[in-house]
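There are 2 protein chains.
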Amino acid sequence: MLKGLDPLLSPDLLHALAAMGHGDEIVVVDANFPAASTAQRLIRLDGASAPEALAAILSVLPLDSFVDDPLKTMQVVGDAKKTPEAVRDFAAVVRRTQGRKVALTPIERHAFYERARDAYAIVATGERRFYGNIIVTKGVIDAKGRIATPAEAAS
Amino acid sequence: MLKGLDPLLSPDLLHALAAMGHGDEIVVVDANFPAASTAQRLIRLDGASAPEALAAILSVLPLDSFVDDPLKTMQVVGDAKKTPEAVRDFAAVVRRTQGRKVALTPIERHAFYERARDAYAIVATGERRFYGNIIVTKGVIDAKGRIATPAEAAS
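Line by line, the protein sequences give chains W and R. If you read the first sequence in the working numbering, its first letter stands for residue 1, the second for the next number, and so on. If you read the second sequence in the working numbering, its first letter stands for residue 156, the second for the next number, and so on.
Bear in mind the hints are in silico, worked out from the structure with no lab data behind them. One or more of the hints may lead you astray.
BS3-like mimics (lysine-lysine), calculated; alpha carbons at most 30 Å apart, straight line [claimed, not checked]: (1) R:Lys-158 - W:Lys-3; (2) R:Lys-158 - W:Lys-101; (3) R:Lys-256 - R:Lys-299.
Given these sequences and hints, build the entire structure.
See the structure below:
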């Protein structure tokens with residue numbers, strides 16, 4: 001246990017989040033996702049739901065403000081317009097933790113797997129609902145501790 | 156870089172601090188300390204002074220409130236009453252970061268080495284001043300996020 005940190009931020013998860021740099025990605029996945037076979041670095045969080053894991057991550061990780069899609073979810077197979085319940089919960093976590101509006105961008109299932117394969121780490125949760133998967137892109141923090149946008153970084 | 160966390164909290168240092176439990180110890184040492192030969196786990200922080208490293212650690216680590224001496228420094232050889240400059244800086248960090256008064260307890264040089272050998276990790280800083288060494292004992296955080304004392308833990 002550490003002061004001011006979400007207890008779901010395990011030693012291995014904190015290590016990965018701190019080691020990541022700008023543009024690196026971490027993926028939160030549900031219990032059916034092929035996590036062990038896909039991950040470059042696998043972090044287990046079996047006791048947590050996927051939205052709980054996302055909330056813990058976003059409590060310390062700055063989202064990338066240089067891109068329009070720092071959050072990617074998996075499209076429902078055969079019904080690309082549908083928003084699964086787990087994804088609605090992700091959106092609620094994002095609204096609660098971010099000071100600005102950030103959209104979730106659904107991408108096709110196999111494109112999601114490809115992207116997850118290149119990610120720095122995958123967090124395997126105990127989420128039992130289908131489509132409880134999200135890719136998170138890390139942003140930058142400036143010398144004053146603010147999350148920088150491209151315009152700020154150039155000024 | 157992570158939101159709200161001291162940039163000196165490197166991936167390896169964060170991992171060690173989060174992995175430690177109640178009563179586990181971490182040692183911040185100066186550039187002359189036999190860190191590599193003594194440490195069970197060695198974390199390098201060559202660019203930082205010892206008080207800077209202590210401040211980063213105490214920004215997240217709860218101090219043990221079950222003991223009277225959660226902070227131990229190294230006695231000056233041949234002048235046990237002397238307070239070295241680095242130790243005065245440690246005391247200033249403790250005053251600044253703790254909500255309560257916590258004393259620094261000087262212990263004899265070889266007793267310090269013995270204790271450091273049993274510690275969970277040693278953080279090797281770039282501190283050039285002699286006696287820039289301190290042993291920190293981890294405390295507990297209760298279910299409401301408060302640093303618990305024995306009386307509170309029993310209630």
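Hint check results:
The suggested pairing of Lys-158 (chain R) with Lys-3 (chain W) holds, with an alpha-carbon distance near 14 Å, which does not exceed 30 Å. The straight-line distance between the Cα atoms of Lys-158 (chain R) and Lys-101 (chain W) is roughly 18 Å, inside the 30 Å bound, and the hint therefore holds. Taken as a hint, the Lys-256 (chain R) and Lys-299 (chain R) pair is honoured in the structure, with Cα atoms around 22 Å apart against an allowance of 30 Å.
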